[in-house]
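Colleague: The primary structure of each chain is shown beneath.
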Amino acid sequence: MLSNTLAKEFIHHHKTLPNSNRVISSPANLTDITASPQTTPITEKIIHFENIDRNSRIQEREVGWWIGKVTAIREETFDAVMEDLSGNVNVVELEKELIDPHEQDLLFINSKFTYAISRIDKPDGREYKTKFSFSSRRKWLKEYEIEAKRLADEFFPDSLLRL
Amino acid sequence: MEQENVKEIIGRCIFVALGSFNPAILHPEWLSRHKILPEEEIVGLFAEPLKKEIPELGAVIELGQNLLVSPTQTTLHLKSFILNVTREKFEIHCEKRDRFPLMIDSIKKIFLLLSETPIKAYGLNFDEHIKFDKTLSEIAANFFTETDNIKKVFGDDFLVGHKIITKVGEATLTFNFEPSPVMDDGVFFKFNFHYDNDAPDTKFIVDKISVNLERAITFTENLLTSFCGNMIERKGKIR
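Residue numbers (the working numbering), protein chains in the order written: chain A, 1 to 163; chain B, 1 to 239.
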């Protein structure tokens with residue numbers, strides 16, 4: 001019977017898969033979902049239709065996306081290590097002009113950023129767009145120390161230590 | 001395990017990660033700022049929904065993309081998939097096979113940026129109501145032979161549903177099989193490919209999710225082709 005032959009083939013192939021650990025048990029933390037096979041009855045009086053293509057004429061396609069870390073800063077440029085989604089790593093030199101003026105204070109050694117290039121097909125022609133954004137983590141500034149000391153004094157007063 | 005007659009049977013996928021998350025960070029503006037998704041996925045979230053009342057039915061029809069961002073939950077109905085994040089769970093529901101690469105790239109980007117997120121495990125789930133050219137009984141017989149002992153208890157007229165837990169590569173696979181309640185003679189499958197993480201970071205997702213999804217789909221479609229025949233129809237939504 002064809003199905004049995006296929007089933008045997010499948011079992012044969014299955015056995016060749018790398019099984020490092022043959023002790024099988026249910027996962028402790030289930031990453032299954034609670035989906036039930038029943039269709040969901042309409043229980044709310046609002047019927048929501050998703051995903052209307054309000055801007056269907058605009059199509060943006062990614063040309064490249066990298067995550068980077070700043071390694072050196074110079075007067076007009078900075079160096080960074082950038083990694084793409086395939087894990088390819090490049091060392092690059094970028095111009096400071098690339099940075100949004102509002103994000104200038106986020107440029108420091110080890111700050112993390114994303115850099116993306118995309119292509120947008122619009123009714124009036126094709127455009128290329130670059131986007132550079134720092135991760136919102138801020139560097140530790142000198143003036144933070146005063147606030148940190150105030151909070152430390154509030155939550156850990158000297159009287160607490162005299163117990 | 002390549003078979004020439006394997007067609008694209010898996011049409012939707014749910015990604016689930018367990019750990020500790022900050023739902024509020026996954027605001028559409030953050031996704032846009034870091035180009036995690038193309039603009040057309042996000043722009044509709046900021047538009048006012050169009051509402052139309054139907055007094056005869058006492059109902060309101062709402063057209064638009066849902067958006068909820070709060071400290072305890074974020075739900076974004078994007079064009080290609082639904083993102084739902086609570087403090088304990090990160091889920092993406094993707095109903096379109098051709099959007100799987102976008103889903104995987106988005107997951108990689110998010111966890112490259114939030115690389116210190118403590119994640120315990122992640123799962124790739126395929127849940128499908130499918131009608132094949134073999135009958136439900138034939139498929140059930142292929143997966144689980146009905147023994148005389150079972151017939152003594154339940155008689156000759158019963159439907160079989162089962163669960164198999166096994167290892168497939170690095171994944172623990174939980175495979176559920178049930179008669180579909182929404183398709184006559186159809187079957188309902190749930191495949192959960194579960195991957196545990198011992199490290200305190202997201203590297204195990206970023207490095208391997210692409211190849212793991214590919215392996216999970218190949219395994220599932222080869223299994224279904226071998227045991228179920230040709231797919232005739234698929235129904236229902238993930239949830």
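Derived from the structure by calculation, the hints contain no laboratory data.
Note that this is a predicted model, so its numbers are computed, not measured.
Among the hints, erroneous ones may be present.
Each computed SDA-like pair below joins lysine to any residue, with the alpha-carbon atoms no more than 20 Å apart [unchecked claim]:
{"hint": "1", "chain 1": "B", "residue 1": "K208", "chain 2": "B", "residue 2": "D198"}
{"hint": "2", "chain 1": "A", "residue 1": "K129", "chain 2": "B", "residue 2": "D105"}
{"hint": "3", "chain 1": "A", "residue 1": "K122", "chain 2": "B", "residue 2": "S32"}
{"hint": "4", "chain 1": "A", "residue 1": "K112", "chain 2": "B", "residue 2": "D201"}
{"hint": "5", "chain 1": "B", "residue 1": "K131", "chain 2": "B", "residue 2": "R215"}
{"hint": "6", "chain 1": "A", "residue 1": "K129", "chain 2": "B", "residue 2": "A59"}
{"hint": "7", "chain 1": "B", "residue 1": "K120", "chain 2": "A", "residue 2": "D32"}
{"hint": "8", "chain 1": "A", "residue 1": "K142", "chain 2": "A", "residue 2": "F108"}
{"hint": "9", "chain 1": "B", "residue 1": "K167", "chain 2": "B", "residue 2": "F143"}
{"hint": "10", "chain 1": "B", "residue 1": "K208", "chain 2": "A", "residue 2": "D32"}
{"hint": "11", "chain 1": "A", "residue 1": "K112", "chain 2": "B", "residue 2": "K203"}
{"hint": "12", "chain 1": "B", "residue 1": "K203", "chain 2": "A", "residue 2": "G87"}
{"hint": "13", "chain 1": "B", "residue 1": "K167", "chain 2": "A", "residue 2": "E62"}
{"hint": "14", "chain 1": "B", "residue 1": "K7", "chain 2": "B", "residue 2": "E214"}
{"hint": "15", "chain 1": "A", "residue 1": "K131", "chain 2": "B", "residue 2": "L213"}
{"hint": "16", "chain 1": "A", "residue 1": "K129", "chain 2": "B", "residue 2": "E40"}
{"hint": "17", "chain 1": "A", "residue 1": "K112", "chain 2": "B", "residue 2": "K131"}
{"hint": "18", "chain 1": "A", "residue 1": "K69", "chain 2": "B", "residue 2": "D207"}
{"hint": "19", "chain 1": "B", "residue 1": "K167", "chain 2": "B", "residue 2": "R215"}
{"hint": "20", "chain 1": "A", "residue 1": "K129", "chain 2": "B", "residue 2": "E39"}
{"hint": "21", "chain 1": "A", "residue 1": "K69", "chain 2": "B", "residue 2": "S115"}
{"hint": "22", "chain 1": "A", "residue 1": "K131", "chain 2": "B", "residue 2": "L102"}
{"hint": "23", "chain 1": "A", "residue 1": "K112", "chain 2": "B", "residue 2": "E29"}
{"hint": "24", "chain 1": "B", "residue 1": "K96", "chain 2": "A", "residue 2": "E62"}
{"hint": "25", "chain 1": "A", "residue 1": "K122", "chain 2": "B", "residue 2": "W30"}
{"hint": "26", "chain 1": "A", "residue 1": "K112", "chain 2": "B", "residue 2": "D198"}
{"hint": "27", "chain 1": "B", "residue 1": "K203", "chain 2": "A", "residue 2": "N88"}
{"hint": "28", "chain 1": "A", "residue 1": "K131", "chain 2": "B", "residue 2": "S32"}
{"hint": "29", "chain 1": "A", "residue 1": "K69", "chain 2": "B", "residue 2": "D185"}
{"hint": "30", "chain 1": "A", "residue 1": "K131", "chain 2": "B", "residue 2": "E39"}
Facing chain B, from chain A, some residues (calculated, C-beta under 7 Å) [claimed, not checked]:
{"hint": "31", "residue": "I67"}
{"hint": "32", "residue": "S111"}
{"hint": "33", "residue": "A116"}
Note that the Cβ used here is the ideal one computed from N, Cα and C, for glycine as well.
Colleague: Each of the hints needs a verdict: does it hold here or not?
Modeller: Outcome of the hint check:
For the given pair, K208/B sits about 15 Å from D198/B by alpha-carbon distance, which is consistent with the 20 Å threshold. Of the pairs offered as hints, the one joining K129/A and D105/B holds, with about 19 Å between alpha carbons and a cut-off of 20 Å not exceeded. Between K122/A and S32/B, the direct Cα distance comes to roughly 19 Å. Compliance with the 20 Å bound is thereby established for this hinted pair. Distance restraint check for K112/A and D201/B: the Cα-Cα separation of roughly 16 Å lies within the 20 Å cut-off, and the hinted pair is therefore satisfied.
The straight-line distance between the Cα atoms of K131/B and R215/B is roughly 23 Å, outside the 20 Å bound, and the hint therefore fails. Only pairs whose Cα atoms come within 20 Å are accepted, and K129/A paired with A59/B is rejected, the gap being roughly 43 Å. In summary, the hint linking K120/B to D32/A is supported, as the alpha carbons are separated by about 14 Å, within the 20 Å threshold. Distance restraint check for K142/A and F108/A: the Cα-Cα separation of roughly 14 Å lies within the 20 Å cut-off, and the hinted pair is therefore satisfied.
About 17 Å separates the Cα atoms of K167/B and F143/B, which keeps this hinted pair within 20 Å; it holds. Restraint check for K208/B and D32/A: satisfied, since their Cα atoms lie roughly 19 Å apart, inside the 20 Å limit. For the proposed pair K112/A and K203/B, the alpha carbon gap of about 16 Å is at most 20 Å, so the pair holds. A hinted pair counts as satisfied when its Cα atoms are at most 20 Å apart, and K203/B with G87/A qualifies at roughly 11 Å.
With a CA separation close to 36 Å, the supplied pair K167/B and E62/A exceeds the 20 Å bound. Under the criterion of a C-alpha separation no larger than 20 Å, the hint pairing K7/B with E214/B is consistent with the structure, at around 14 Å. Restraint check for K131/A and L213/B: not satisfied, since their Cα atoms lie roughly 29 Å apart, outside the 20 Å limit. Restraint check: the Cα-Cα separation between K129/A and E40/B comes to about 14 Å, which is no more than 20 Å; the hinted pair holds.
Straight-line distance between C-alpha atoms of K112/A and K131/B comes to about 49 Å, which puts the hinted pair past the 20 Å bound. Our distance criterion of 20 Å between C-alpha atoms is met by K69/A and D207/B, whose separation comes to about 18 Å. Taking the CA atoms of K167/B and R215/B, the gap is about 13 Å. The hint holds against a cut of 20 Å. Restraint check for K129/A and E39/B: satisfied, since their Cα atoms lie roughly 11 Å apart, inside the 20 Å limit.
Taking the CA atoms of K69/A and S115/B, the gap is about 13 Å. The hint holds against a cut of 20 Å. For the given pair, K131/A sits about 18 Å from L102/B by alpha-carbon distance, which is consistent with the 20 Å threshold. This hinted pair checks out: K112/A and E29/B have alpha carbons roughly 18 Å apart, not beyond 20 Å. Taken as a hint, the K96/B and E62/A pair is honoured in the structure, with Cα atoms around 19 Å apart against an allowance of 20 Å.
In summary, the hint linking K122/A to W30/B is not supported, as the alpha carbons are separated by about 24 Å, beyond the 20 Å threshold. About 25 Å separates the Cα atoms of K112/A and D198/B, which puts this hinted pair outside 20 Å; it is violated. Restraint check for K203/B and N88/A: satisfied, since their Cα atoms lie roughly 15 Å apart, inside the 20 Å limit. With a C-alpha separation of about 10 Å, the suggested pairing of K131/A with S32/B holds against the 20 Å cut-off.
The suggested pairing of K69/A with D185/B is violated, with an alpha-carbon distance near 56 Å, which exceeds 20 Å. With a C-alpha separation of about 12 Å, the suggested pair K131/A and E39/B falls inside the 20 Å cut-off, and the hint holds. This hint holds: I67/A has a C-beta 5 Å from the nearest C-beta of chain B, less than the 7 Å allowed. About 13 Å separates the beta-carbon of S111/A from the nearest beta-carbon of chain B, more than 7 Å, and the hint is not met.
A cut of 7 Å between beta carbons decides the hint on A116/A: the least distance to chain B is about 3 Å, and the hint holds.
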